[in-house]
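Peer 1: Protein chains in written order, with my numbering: chain X, 1 to 185; chain L, 1 to 321.
Hints in this document: simulated from the structure, not taken from any laboratory. Bear in mind the structure is a predicted one, so any value in this text is a computation, not a measurement. The C-beta atom is built at its ideal place from N, Cα and C for all residues, glycine as well. Careful: at least some of the hints might be erroneous.
To be verified - To spell it out: a stretch of chain X is covered by chain L in this simulated footprint if at least three of its residues, at any positions, have a beta carbon under 8 Å from a beta carbon of chain L; those stretches are:
#1 50-62
#2 127-133
Said to hold, decoys possible - If you want a taste of the chain L side facing chain X, the calculated C-beta under 10 Å gives, among others:
#3 D233
#4 E236
#5 A237
#6 I240
#7 L241
#8 Y275
Below are the chains, spelled out letter by letter.
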Amino acid sequence: MSTPLIILIVFIILLVLMYNSLVAKKNQVDNIFASIDTQLKKRYDLIPNLVASVSKYMEYEKETLEKVTKLRTQANKTNLSEDEKIALDAQVTSALGSIMIAVENYPELKANENVVHLQHTLSEVEAQIAAARRAYNQAVTDYNNALEQIPTNFIANAMGYTHKQVFEIPQEERKNVDVKKLFES
Amino acid sequence: MKTVSELTDFYYKKLYPILQDLEKDRKVINSKLITRCGITTFIAIILAVIFQKNHFQTDSFIFLGVIYIIAIAIIYKMLIMDYTKKFKDHIMRPLIYAIDKNLSYNPNSHVSSSHFREAQLFQGKADRVLGNDLVKGKINDVSIEFSDLTVQQITGENDNGDKNYKTIFQGLYIVSEFNKNFHGRTKVLPDTAQKIFGDYLGHILQDTTYTAEKLVKMDSIAFEKEFVVYSNDQIEARYILTPTMMEKILELKKRAKHPVSIAFINKNIHIAIEYNKDLFEPSVFHSLLEYKIAMEYIQTLHLAIGVIEELQLNQKLWSKL
Numbered sequence: 001m002s003t004p005l006i007i008l009i010v011f012i013i014l015l016v017l018m019y020n021s022l023v024a025k026k027n028q029v030d031n032i033f034a035s036i037d038t039q040l041k042k043r044y045d046l047i048p049n050l051v052a053s054v055s056k057y058m059e060y061e062k063e064t065l066e067k068v069t070k071l072r073t074q075a076n077k078t079n080l081s082e083d084e085k086i087a088l089d090a091q092v093t094s095a096l097g098s099i100m101i102a103v104e105n106y107p108e109l110k111a112n113e114n115v116v117h118l119q120h121t122l123s124e125v126e127a128q129i130a131a132a133r134r135a136y137n138q139a140v141t142d143y144n145n146a147l148e149q150i151p152t153n154f155i156a157n158a159m160g161y162t163h164k165q166v167f168e169i170p171q172e173e174r175k176n177v178d179v180k181k182l183f184e185s
Numbered sequence: 001m002k003t004v005s006e007l008t009d010f011y012y013k014k015l016y017p018i019l020q021d022l023e024k025d026r027k028v029i030n031s032k033l034i035t036r037c038g039i040t041t042f043i044a045i046i047l048a049v050i051f052q053k054n055h056f057q058t059d060s061f062i063f064l065g066v067i068y069i070i071a072i073a074i075i076y077k078m079l080i081m082d083y084t085k086k087f088k089d090h091i092m093r094p095l096i097y098a099i100d101k102n103l104s105y106n107p108n109s110h111v112s113s114s115h116f117r118e119a120q121l122f123q124g125k126a127d128r129v130l131g132n133d134l135v136k137g138k139i140n141d142v143s144i145e146f147s148d149l150t151v152q153q154i155t156g157e158n159d160n161g162d163k164n165y166k167t168i169f170q171g172l173y174i175v176s177e178f179n180k181n182f183h184g185r186t187k188v189l190p191d192t193a194q195k196i197f198g199d200y201l202g203h204i205l206q207d208t209t210y211t212a213e214k215l216v217k218m219d220s221i222a223f224e225k226e227f228v229v230y231s232n233d234q235i236e237a238r239y240i241l242t243p244t245m246m247e248k249i250l251e252l253k254k255r256a257k258h259p260v261s262i263a264f265i266n267k268n269i270h271i272a273i274e275y276n277k278d279l280f281e282p283s284v285f286h287s288l289l290e291y292k293i294a295m296e297y298i299q300t301l302h303l304a305i306g307v308i309e310e311l312q313l314n315q316k317l318w319s320k321l
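If we strip away everything but chain L, and leave its shape as in the complex, we get (with noise of 0.2 Å):
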């Protein structure tokens, strides 16, 4: 697999003319996003103004807010969308296909809900699953798929009947086969409860506070503190996090630099990164040229694509060739 850097050269040299071409387009979208911005404002606030000369009631003007709210998402929306396009068919394809030509990619599809669902790493209920740039294939002859995920739990609803959401993960999931037979269900969670309470009252904390799987306490000093492991089964939990696994989660969430989650559930290995934005979007307000866009963009893609290599994925047991 290509390194980092090899990226960032392809990146700068093969996809350069793209690059200006997008960078030329930014700025137009940039400059009328102002114009158009800005004589919404001017329409909104006369309207305001004319509200207020007629002594119109509070709701008008909380209405009249919702719907300057609304215009200017959609004028956003409308300006970005020919932006996005071009971005993610000669940006985020080649680059993914830079990374290993096996790879499909389809910047409308998402991780399946399902899968979402079946690892059961987050509280609440998935109520709405949205997402996109789904990148699916074989690497070294082992299955990966990953997307961009944002999923919401139903809190309620509104007088006039629209649902309130609440989002309870945004970020990159992916999930992959695993390379042992296993049976039971295991989850690697951050740990929260050691880090405040520590060590004692922290396990008797977790140990209360999770009901569907057991406590595993891991015999890696360095895991346990960053790490909580649930599982149905003492031994598999083991036999899955051997101490090389360990340290090799504890890489990936190093650089990762946001809270991993990780279930072991149907022979997959599903990889939840809380990043808390939507990922691989064109960036409008800075251009695309500058390094610090451009490496967010290879380091997530690198990290999950990388994640078979990084934890071994691809060197199955004998039972499993």
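This is chain X alone, in the form it adopts within the complex (with noise of 0.2 Å):
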């Protein structure tokens, strides 16, 4: 076999096995999302829910949850891309945090068995997002370095493959949730 011919050869294989690498790290993106995306409906399912048992007691904190109510619809459409399922995830995540800091100022709520089980359910679902968002992350982070580094970057190019945003992971989140206090509580 002639020199050129060998060149050739081994370029090929590694064109073959660099493309499937990239494929291999958007595909690994791709199926964690769909993860995500199983974990969030579980939230968004509790949500009506939730609602319906605090509302009753939650006179100042009608705002939040009407604004939940409405994310939920927003969140149920779809046609939504990633990062607007990402974006969606930060406000929901935020507000459903806030609401079960007010949990806490009501004795009546602390009490009532529904929200202490909708609670804990909601925290497990919690914790589940909380890992899939980092096992997200990391998938996009190697994701996006294939992407910038040589010499995978002029193939990712040539695939038209763009950066994906990373979830933005709330500090409170970092500390994990903590489920002592839960019980506590």
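Both chains are sitting in their own frames, so use the hints and assemble them into the complex.
Peer 2: The structure is reproduced here in structure tokens:
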């Protein structure tokens, strides 16, 4: 076999390997996003029940409750992009967080079995979402790195791959859900 | 749970009469050991001289050497047998009960070999699993068991048909119920590749060297420096290894002062700490009253039983209640 032919074959093999690794990275991002989507949906499903249970008591948080319900309606639209879902998730997380804090101010709610159960279910879903977000961010980082690093960046360019957005992990989430605190409440 | 200093107090105050008693036994054992080993050595030398004079072959000398080593080992074992039993019954058992009354202690049993095999934390086949000092029970409603464990793999056979063994793990093996539901398998192993080759090359190596599970890059720099994580579920690995859990594992590693490997499998957490020696055995050549010796027993027990509190395994999630 002539030298140029060997070089060409090696070059093609390298090209295929790089192409495959890029596709694998993109698929990994998509797969994990699908899991996040499932978890987010689980959380959105809890919202109507939560709002119904607490709205009787929560006079001062009416606005937040309405906001959460509105966000849920928005999230249920089918044609949302990944970036829009990420943005919505951030808003829902913060709104739900403030409702949960507000619950602490209502002794009737703290004693309500349904609310306590909802609170625990929500905290478990939040823990799952937090894990999925971290997994997604790592997958996106690997993907984005491949988009910038030589030589995969040339192929990525040719394939029309673009950068993806990572989830912003709220500071309180880094500290993780404090289950013990929940049990004391 | 009692603190290490409370346990040290208990050791030196409550157990003091027994310790003194054991110290007397130890001194007697030591002097007997010197005499008996001396006599055995003397006989061995005389035999060697006789062999030499009669022009025996090299094989005979090797045979004599092997017999000599076996004889010394038997003498040692026989002499410390009662002493060991007394130590385990009157020091180890009260010490364990002082930490938690609900725990049971069996000096002659060990964590089941199936636990070790299912975790697959160490490379090599677990052909022989030895161990003792099994502690078992429930603390704060969380099941835990741990013991001393030595796991060996057969490497071959010699001419006489005797098997040769290579030790793949020796140390403390802890199995406890985990406080979260999970379905996959996640392993946390000591990191060597990243330490030697740096982040970039290290990650590439880790990614390619392990096949059963995929590499999970964690988002804690300190944790990534000490450990490498493999799992068959990227999300579940992070569900288990929350930022808090990673911090706790780092603290555990710092306290253990030995390599720590962890597996999350079948609802349990397995923690293997490589001490590379037989634990919870009575010291023969140093006094049990020595602070350093006492601390070895106390700290190891405290670390093992304290795992539940340290890793907050008692804070169960709603769905596990």
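Peer 1: None of the hints should be skipped; say for each whether it holds.
Peer 2: How the hints compare with the structure:
{"no.": "1", "hint": "50-62", "in the structure": "violated (count 0)"}
{"no.": "2", "hint": "127-133", "in the structure": "holds (count 5)"}
{"no.": "3", "hint": "D233", "in the structure": "holds, 9 Å"}
{"no.": "4", "hint": "E236", "in the structure": "holds, 7 Å"}
{"no.": "5", "hint": "A237", "in the structure": "holds, 8 Å"}
{"no.": "6", "hint": "I240", "in the structure": "holds, 8 Å"}
{"no.": "7", "hint": "L241", "in the structure": "holds, 9 Å"}
{"no.": "8", "hint": "Y275", "in the structure": "violated, 31 Å"}
Figure legend: structure checked against the earlier numbered hints; hints not met, in rising order: 1, 8.
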